[in-house]
Every structure is written in structure tokens, then in C-alpha cells.
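**Q** Protein sequences, first through last, are from chains W and X. In my numbering, each residue carries its 1-based index in the first sequence increased by 1246. In my numbering, each residue carries its 1-based index in the second sequence increased by 1060.
No lab work stands behind these hints: they were computed from the structure. Only a predicted model underlies this, so the values are computations on that prediction, with no experimental measurement involved. For every residue, glycine included, the Cβ atom is placed at its ideal position computed from N, Cα and C. Keep in mind that a hint or two might mislead.
Unchecked claim - Label-pair restraints from in silico Cβ distances:
#1 X:Pro1271 with W:Val1626: 38 to 44 Å
#2 W:Ile1472 with X:Glu1269: 28 to 34 Å
#3 W:Lys1376 with X:Gly1302: 44 to 50 Å
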Amino acid sequence: MRLELGQVLIKDVQFGEDTKIDNGVLYVNKEELIALIKEDEHLEEVDVDIARPGESVRITPVKDVVEPRVKVEGPGGVFPGILSKVDVVGSGKTNVLKGCAVMTTGKIVGFQEGIVDMTGPGADYSPFSKTVNLVLTCEPVEGLKQHDHEKAVRFAGFKAAAYVAEAAKELTPDTVEVYEIDTLLEGVKKYPELPKVGYVQMLQTQGLLHDTYVYGVDAKEIVPTIMYPTETMDGAIVSGNCVSACDKNTTYHQMNNPVIQDLLAVHGKELNFVGVIITNENVYLADKERSSNWTAKLAEYLGLDAVIISQEGFGNPDTDLIMNCKKIEQKGIKTVIITDEYAGRDGASQPLADADPLANAVVTGGNANEVIELPAMDKVIGHTEFIDIIAGGFDGSLHEDGSITVELQAITGATNEIGFNKMSARGF
Amino acid sequence: MGKIKVVHYINQFFAGIGGEEKADFKPEVREEVIGPGMALNAGFKGEAEIVATIICGDSYFGENMDEAKAKVLEMVKEYDPDLFIAGPAFNAGRYGVACGTITEAVQNELGIPAMTGMYVENPGADMFKKDVYIVSTRNSAAGMRDAVKKMAPLALKIAKGEEIGSPDEDNYIPRGIRKNFFTDKRGSQRAVEMLLKKIRGEEFETEFEMPDFDRVEPGKAIEDLSKATIAIVTSGGIVPFGNPDHIESSSASKYGKYDIEGVDDLVEGEWETAHGGHDPVYANIDADRVIPVDTLRQLEKEGKIGKLHRYFYSTVGNGTAVASAKGFAAEFSKELVEDGVDAVILTST
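Construct the complete structure from the given sequences, taking the supplied hints into account.
**A** Structure representation (C-alpha cells):
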């Protein structure tokens, strides 16, 4: 499978009469975009705003972040099973609007989640402080049930991303990345000397605001399966979760999975990247056992020598992580796991809810309980009144002057577990 | 600022008083620099000076812990030093425990900067590494030079209140305190490199050592449930509607104690969950799904259990530090015992 990923570099986003890309600037017809999103009868009010890196802007609660992409050539369309038909994606040509993102906010449901600051100390922790963000504030019609509300806002992000991405369909990208993956047997023949490496990606699937979708299927309902590494680059996996925003994968993360990118970077040179095994993190023990049995079975069946396992979330999924690691190691397949830590605000507590000596190679995204002071911003998009009750907030988190004292877990993407960031933690 | 005043603690052996036969030597203070103190003093390069040395036999300390500790603290206090150093104890077990005990006491009870040194497998290291800086030394006195070379600079940093570096940079035994920092490579890249090293059988360094996991043996079965008082404790975050105690949706800093006298069923609008880590819809519609009050009331009526305890205890398990959870339980377990509760049903989400 071969995918050409064309990067159309976006330096700025502005409102304009026509939605188009000109000289690295994405112009958006605001009214047209709002009208499109409001086609969903569940949304009462929709507004669109722009937040740029370095501006004194705070966006909260952040539900999802989506990178605009458009299929230029080849089967299917972006977000298969959701906005496009369910063709298998990941081949042909796709254009990416690099440097910008669509972000969704508004009252979500239950516990409001996620902060992104465009400047100040908080901006060091979120990748979305560095993208020009087209922010959709979506408010629901009265009486809308929480699950329907979540879905409406989730879809709003995808629709807006697809809408602006259409502007890049005919453009010649600034740079092109080419990814080529052989079938299993061809790859093994081609690289007989190289270790066969897989990637076990654990998807958050614990219910409302904790769900992930694969080709439109709720990942709670899947058994572990195999994917080509390029499929997610066309939006085959999307996010429906944002609770404890620090270690949840937004759709943007899914489309830009760095484990996949970094394994592909050495594919054919230092290792043979055979494929991705996706699995879930359901709350029932039988599901945990079945899914971890299957990841180990698939890793064995593919003849893998080693795998990277990435987690999504913490606590309950720590169990899935350790089960996956243990069972795969017990097959004689070497593992590295990527997780994050909840070591208490003072960093002195046991950081994981489960552990095993076989998990001897760990990459950490950092301690999510560490506390940070976020100064007031000139402008807020969304609602700050929920700061005290978001995950990572506490009584008195939001100060009168608009500044905030919170744990890092409130910052979108801060301790990401697919290795998106440079943050780590060490013992002192 | 003048020279940093240091009080040094050593055992009878390093003081040159004698070996095991003199291990019952009682605490004594001498205004001189003795044994390892000489090398330490030299290591301070004029920035600090040992003004007194306290000597105590290892057996005496071990067998009269409270008394010995009080006596040594009194001696230290008298000199009002800027810094207290004990040892190094290398792999001498009783000496290591004494060094750790007294260093911790000087630091926490007298508020004087303090540190010690010992071999990582010395039992004193495990007991005190969380509380005090312990320089990692070799396992015998042959490593004295090396130990002093590491202890003197860290001691000066501690005395001056300077920022302490990582265990590798400042040569102490990790205290188990996790701190975030930014590396020059993203996590995925670090994972790929670690995996390649692991595949090739090369040495690699994990970013997080697996902890010794704390596993709890289940309690003994209740012989006659019909006479038992049963309480409910949950980390599922069930609280009276409105969350009156403001228990956090994640990383809880507190727990609540709630009266369910006369409550047969937890109904929507009266009870809810404060937990941010699970789908709250089903818990809010019927909180009995998280804590089975309705079923327990039924069993109570049928005489299958003696009684449902009047109060339940609730916190949020989501992202809550194990140390906080242990602290909550240590507190309310006492109340449960005092209230005559025979068994607890613990529910999580």
C-alpha cells in the first residue's frame, strides 16, 4: 500500500468571502461554515473563531481537535464510515492543511474537559498551542441527551475539517511524504535480516466521552484487528473522547500518530514495520482478557519479534496495558510500552494502577498530577466556569482574576501516550 | 556568609573506639573532627567546617532507639548547625538504619538541612530514601574516598538551599519522587530507539521502573452474614446530588461520608456521581448501579444480612494518587471499626 501525503503549509487562517487557500493563508467563509454545521438539528447555536499561536487566548473546554485533510486520488475519502463511504483508505494521494486545526468547544456533557492556551506557560504543554485553530463553539438545543450531544459536537468537528480541506483538493502541496508498505509476506521476503516490528495501539473505549471509532464502528464493539500503518492518516480512527484531556488522543493525534511515523522512518532500514494491531480498553474484565489474548495472538501469528504498545488514558486502562505487555512478552516478543503517570501532586505516590516486572522498557509522557499556574488570558473561547470540576481542577482552581491553578491533566494532550510530546518524567 | 557549621554523626567503629565489643557505646559529643570527618572537611574546600562529632554505638542506637535519638537530637540542637551529616554507613545495616533515623529526625524535627550516605542495599536505604537525601556509596569502607567525593558537594548544595539535580547528577539514591522535564526527542522516537536496543540485546534505560506492587490479601469470609453489619465504601464517586463536599472529578483530595438512614433506593436527582472517569449517565440515572443500596436493603429485610451500616464513604478513584487513597482509608477504617462494622463492600468503577 502506497500513500502520498501532500503537505499544504498553512501560515494563517482568516475569515473571507470565499473559502480558499491563497499564498499559505486559509480563508474561511464563516457564514457558510456555520450554516453547514447548523444543519444538525441538535445544535442550537454555532459560532466560529480563530486562535493563533502567541495570542492571549484560552480555549476551554476542548472536545476534539481535527486536522483538515482531503483525498485527492485513490479509493475512499477522509473519515471513512463517518463522512465518507467505508472504502479502505490509506492509499493514493491525500492533501493535508499543515499548521492549522479545527477545534470544538462549547458546553459538552457532564465533566467539561480540556484547556488550550495559545500563549504563556500552558502553551508549552499542548501541541495545539502551536497550530492556528479554527474554533467551533457549539451549543446544543435544550433537553438534548448527553450521548446525542456528544455525537453532534463530534460530527461538527469532522464536517468543518472536511469543509475547509476541500480548498486544498486542487492545490499542489508544498512538500510530499511517501509511505509504502508491503504485504506481510512480501515484506518478510524483502527484508529477511530485519526484525519484524508491530505497533499495538490501545484505543480508549470506556463509554461516553471515552470512546473511539474505527471506520465508524464504536471500538468497544471490536475485537483486536490489523491495519496498514497508512489507514489512520486518512482518518480511519477518530476520537470521541476528551475526559482527562492530557492523555486522550484527539482525532488530530490519530491522524498524525507519531509511533507510526517514527516506525515508518526506520522501516526497511533498521526494522521491518509489519503493521498496526488496534485493540480496545473496555471496562469489563472479560473484555480486557479477550482483547489482550487477541493482541498477543495476533502478534504471534504475524511472527513479530517486537512491538511498541501505546496506552490511552490511565487507571482502569493500566490493567489493559499490563495485560497486553505481559501476554506479548510471554510469547517471547519484546515490548516497549508508552504510558503516563499519576504520581500525585508531589510526585511521591505510586504512578500506575497496575505493574509487572515484564514491563521493563517504559516510555512515560510525564506525571499528569503535576500542578501548573495558568495566568489569565485576554480572551476566552468557550466557558471557564467549569474549571473547578474538570479532571485536573479542584475547588478554587479558577481564581477571580481569571488565572487558573490546575493539574497538567486538564491541558489537552499534555501527557500524551502515543509519544506526541517531548515531556518525560524521572525519579528524584 | 561565614563558614557552614556542620555536625557529623559516626558510629563507634569509625570513631576508632572499637568494633562489635564497643557497639553499646552511648552517645557522646566531641568538638573535633574524627575519622571520615577529616576527608569530608577536606572535601568542603573551606566552605564548611565540622564543629562537632557525635559518636554512638550501633547496638546502643538500635536497642534504645527513642532514647538514643532524643539524646543525639539534643546534642545537635546545642550546636545549632547549618548542616548535619551522618555516616557514610556503606553496607553496615545497623549503622545505616541509625544514620537514616537520625538524619530524618534532624531534618524533620529540628528543621536543619541533613543528609547521609550508604550502599543502596543497606536496609537503611530502603527505609529512608523517601525522606532524606542518601548518597549512594560502595558497599565497604574501601569506598570512602569515592563516598566523600560525592557527599561533600551534595551536602553543600543542601546546606545552601540550592536546587538539587537528578539522582545521577547529584549521586543520591532516588527518593521515588517523579518530576516532569522536557527531553530533546518526542516519546515515540524514544520508544523506537528503546525498542531497537532491546531487540539487539543492548543496554537500555527504562524511563520508569516498575514499582513493587502493593497487593492486598482478601479478608476472611464472614461466617454468619445474618448477624453482620455491612458498610459500603466506593471509589465510584457517588455523592448526594450537587456534590456538597466538592469532591474532585479526578485526583480527589478528599472523601465524603453520607447518611443513608431510611434510604431504600438511590433515585435520580437525589444522588449522582462526582467521578469524571466513566460514563456518568447510567450512574446518575441509578446510583445503585455503583453502590447497591437497594439490594442490600432487600437483603436486610429478608434477614440475609444483619444490617446495612448507616453511612457510606465515597471518593473518586479517577487519577487519585495511591498515597491519597491510602490516607483516606486509614482514617475512615478506624471509624468503621469503632462503629462495629463487620464487613465492607468496596465498589469501584
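**Q** Decide, hint by hint, whether the structure agrees.
**A** Going through the hints against the structure:
1. A hinted range of 38 to 44 Å for the beta carbons of X:Pro1271 and W:Val1626 is consistent with their spacing of about 40 Å.
2. A hinted range of 28 to 34 Å for the beta carbons of W:Ile1472 and X:Glu1269 is consistent with their spacing of about 32 Å.
3. For the hinted restraint 44 to 50 Å between W:Lys1376 and X:Gly1302, the CB-CB distance of approximately 39 Å leaves it violated.
In this structure, only the earlier hint numbered 3 is contradicted, and the remaining ones agree with it.
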